[in-house]
Amino acid sequence: MSDVGTYLYAVALAEDPAPSEGLTGVTGGPVRAISHAGLVAYVSAVPLTEFGEEPLRRSLEDMDWLGETARAHHRVVEAVAAKAPTAPVRLVTVYRDDAQIRSLLEQRHDDFVDVLSRIAGRQEWGVKVYAAPSEAPQPEEPAAPSSPGTAYLKKRQASLHTREEAWRQAVARAEQIHDVLGSVAVASHRHRAQDPQLSGREEWMVLNGAYLVDEERGGEFGQVVEGLRGEGIEVELTGPWAPYSFTTAVETGESEARDDGP
Amino acid sequence: MTDLEPRGAELAREGRLPSERVALVDLLDRLLAGGVVVSGDLVLSIADIDLVRISVRALVMSVRESDTIVGARRDE
Chain A
1 MSDVGTYLYA
11 VALAEDPAPS
21 EGLTGVTGGP
31 VRAISHAGLV
41 AYVSAVPLTE
51 FGEEPLRRSL
61 EDMDWLGETA
71 RAHHRVVEAV
81 AAKAPTAPVR
91 LVTVYRDDAQ
101 IRSLLEQRHD
111 DFVDVLSRIA
121 GRQEWGVKVY
131 AAPSEAPQPE
141 EPAAPSSPGT
151 AYLKKRQASL
161 HTREEAWRQA
171 VARAEQIHDV
181 LGSVAVASHR
191 HRAQDPQLSG
201 REEWMVLNGA
211 YLVDEERGGE
221 FGQVVEGLRG
231 EGIEVELTGP
241 WAPYSFTTAV
251 ETGESEARDD
261 GP
Chain B
1 MTDLEPRGAE
11 LAREGRLPSE
21 RVALVDLLDR
31 LLAGGVVVSG
41 DLVLSIADID
51 LVRISVRALV
61 MSVRESDTIV
71 GARRDE
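Respectively, the protein sequence lines represent chains A and B.
Yeah, the first sequence ends on 262 if you go by full-length UniProt numbering, and it's all consecutive.
Yeah, the second sequence ends on 76 if you go by full-length UniProt numbering, and it's all consecutive.
Just so you know, the hints here were simulated from the structure itself, not pulled from any lab data.
Errors might be hidden in some of the hints.
What the hints assert, rightly or not - Partial pick of chain A residues on the chain B-facing surface, computed with a CB cut under 8 Å:
(1) His73
(2) Ala84
(3) Ala87
(4) Val89
(5) Thr93
(6) Leu104
(7) His191
(8) Ser199
(9) Trp241
(10) Thr247
For every residue, glycine included, the Cβ atom is placed at its ideal position computed from N, Cα and C.
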């Protein structure tokens, strides 16, 4: 057995155009195409000293490593998706050898073809909606020592109430936005709200949506997003993305549909 | 103390992560919760998202702590 694994990035139809030459993968090594059963898998060799289970556990704690790996993975997916309908594979999926990849393409052939035909001619857009915590009700300003405790508590209660109400409204607005966007999209998916520490935003993220949109309706989708901007909320559009959020249906092993939107 | 209030708020506002990292967050949403999930004979896959989520969270906490330290030094 070797200490080299095969890292899988994406799967496409073998008949579709290939990405340009010279692609490099997660460790800087060349990306290769493995064609089998009418499908093509884009892979690169990775050392198991870095991509084995134990080293990986440590690496995943390292934001720099995670960032570099994610970006390298994304670069390959983007290059493939620029030319052909593409099913991106989840980050860090490593096989023992090429033979295993060929057997994957064979065994899951129909699932891959289904998914690829569903996302063909479509793009994923991301829409995040933030709500400003209602005019920041004075975060515990150091009360003058003379001010009575009850007044302080009342003020605090009132401010909590305002925040709750603002939150409820923002959530309702997000639902409405998700529905409107969903009506232009062929499929939608809600990701979990991002951790404020990761997003770097203090506002509440009330929607972290992904929308699969026909390519020719991309402009229309953008306009709908523009039209949603309004008081109290901020709308952020990202993309177009390769259809990351709409290819999870090809699951081998037990399937586990999670955080699916309504 | 009163002088510090607005400055603290300002720092907090500017304290957002660089845009490169903001985009990484969006990427991680997709790379860790999206994409084709395969399991079986492979050597490894992040089927266990929770492991990653926990790790990332722990990491962010550590990033944040070091930020605080930098801020504190500036105040000295």
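Consistency of the hints with the structure:
1. Checking His73(A) against chain B: minimum C-beta separation of about 6 Å stays under 8 Å; hint holds.
2. Contact between Ala84(A) and chain B, as hinted, is not supported at the beta carbon level, the nearest pair being about 15 Å apart and thus beyond 8 Å.
3. Annotation: interface hint on Ala87(A) holds; nearest CB of chain B at approximately 5 Å, less than 8 Å.
4. Hint status for Val89(A): holds, given a least beta-carbon distance of 5 Å to chain B, under 8 Å.
5. Satisfaction of the interface hint for Thr93(A) is found here, the shortest Cβ-Cβ separation to chain B being roughly 4 Å, below the 8 Å cut-off.
6. Of the supplied interface hints, the one on Leu104(A) holds, with its beta-carbon coming within about 6 Å of a beta-carbon of chain B, less than 8 Å.
7. A distance limit of 8 Å between C-beta atoms decides the matter here; for His191(A) the minimum to chain B is near 5 Å, and the interface restraint holds.
8. With a least beta-carbon distance of about 5 Å to chain B, the hint placing Ser199(A) at the interface is held under the 8 Å criterion.
9. Satisfaction of the interface hint for Trp241(A) is found here, the shortest Cβ-Cβ separation to chain B being roughly 6 Å, below the 8 Å cut-off.
10. Because the beta carbon of Thr247(A) sits about 5 Å from the nearest beta carbon in chain B, less than 8 Å, this interface hint is met.
Violated hint: 2 only; the structure is consistent with all others.
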